[in-house]
Amino acid sequence: MRVGELARSSVLTVLVAVATLGAAGQAFAFDEKIFDDKTGVKPKSSPWEVFQFGFSAYKNGHKEQAVEAYKYAAENGQIGATWKLARMYAEGDGVAQDDYAAYKFFSEIADQDVEPGSPEESYVSDALVALGDYLKQGIPGSPVNADPVAAQEYFMRAAANYRNPNAQYEMGKMFLKGEGGVKASVRQAGRWLQLAAEKGHAGAQATLGNLLFQSGKVVRGLAMMTAALSRATPADQPWIRSMQEEAFAVSGEADRRTAISLADDMLAKGVTGAEQ
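According to mature numbering (1 follows the signal peptide of the UniProt record, and there is no 0), the sequence shown holds residues -29 to -1, 1 to 247 in order.
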């Protein structure tokens, strides 16, 4: 799984749960009305009720039923069901892992005209980031080749339209390296990284902290990297730790002590360092 995908998946699974929690407990009560173990979803079933049934089936470990329900709901306009199918195929969760199948489902979501602030925003935002991730390197054995420019366009759409912190972080990295058809710009990189950092993105906090450190703001940079390391997911901790330790190794004892104290203060107050 790509870096950060596990965190995104966990957050958005919670969003699905919140959206369906009120009815999920009743979903299996509709079993005989909307689902038959031999024939699957019954014709003319309500797509929303089938989506609810699929969610309940998934949570109860009946993932084959869930896939059938999600496919029916997705084919009948339920974006949340399409997103759940995409995630299941991307992660091999209840189905054979298939990045190309996931890519196609994410593409269907990205094609939807969803206004920022709408209930479906989180699905579209996450789908755009997933597509950007796939296009950075391509999908081996599929028609999807590496296309950094297309990846940048998906990230930019999610970052600008939906203020997605993962996309803002990706834009920051692209401006740092001059990738995806954009001209290298530390100023633009810092802008996007700060937006993501302010939303609690540990990778953005660490990268921005390193930029501050390199620009001479030693204490603030060390503190941000240290706080980010404490907040990071297990997947992100190794590279953040390596960057933080390298910076600490060339810093004076007084700066290190002050930075550690400031990082503790940031963590206690729940701020990013960019906010102070």
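Any given hint could turn out to be false.
Beta-carbon label-pair distances, calculated as ranges [stated by the list, open to error]:
{"#": "1", "residue 1": "Glu35", "residue 2": "Gly149", "range": "31 to 37 Å"}
{"#": "2", "residue 1": "Arg212", "residue 2": "Glu91", "range": "36 to 42 Å"}
{"#": "3", "residue 1": "Glu217", "residue 2": "Gly48", "range": "19 to 25 Å"}
{"#": "4", "residue 1": "Leu238", "residue 2": "Glu46", "range": "44 to 50 Å"}
{"#": "5", "residue 1": "Gly48", "residue 2": "Lys148", "range": "38 to 44 Å"}
{"#": "6", "residue 1": "Glu35", "residue 2": "Gly241", "range": "22 to 28 Å"}
{"#": "7", "residue 1": "Gln108", "residue 2": "Ser186", "range": "49 to 55 Å"}
{"#": "8", "residue 1": "Asn132", "residue 2": "Gly223", "range": "42 to 48 Å"}
{"#": "9", "residue 1": "Val120", "residue 2": "Lys15", "range": "27 to 33 Å"}
{"#": "10", "residue 1": "Asn132", "residue 2": "Lys154", "range": "30 to 36 Å"}
{"#": "11", "residue 1": "Arg228", "residue 2": "Gly32", "range": "24 to 30 Å"}
{"#": "12", "residue 1": "Val221", "residue 2": "Asp69", "range": "41 to 47 Å"}
{"#": "13", "residue 1": "Pro111", "residue 2": "Val242", "range": "17 to 23 Å"}
{"#": "14", "residue 1": "Gly241", "residue 2": "Asp69", "range": "46 to 52 Å"}
Hints are computed from structural coordinates only; laboratory data are not their basis.
For clarity, every value in this text was computed on a predicted model and none was experimentally measured.
We treat Cβ as the ideally placed atom computed from N, Cα and C, and that holds for glycine.
List of violated hint numbers, smallest to largest: When the structure is compared with the hints, numbers 1, 3, 6, 7, 9, 10, 11, 13, 14 turn out to be violated.
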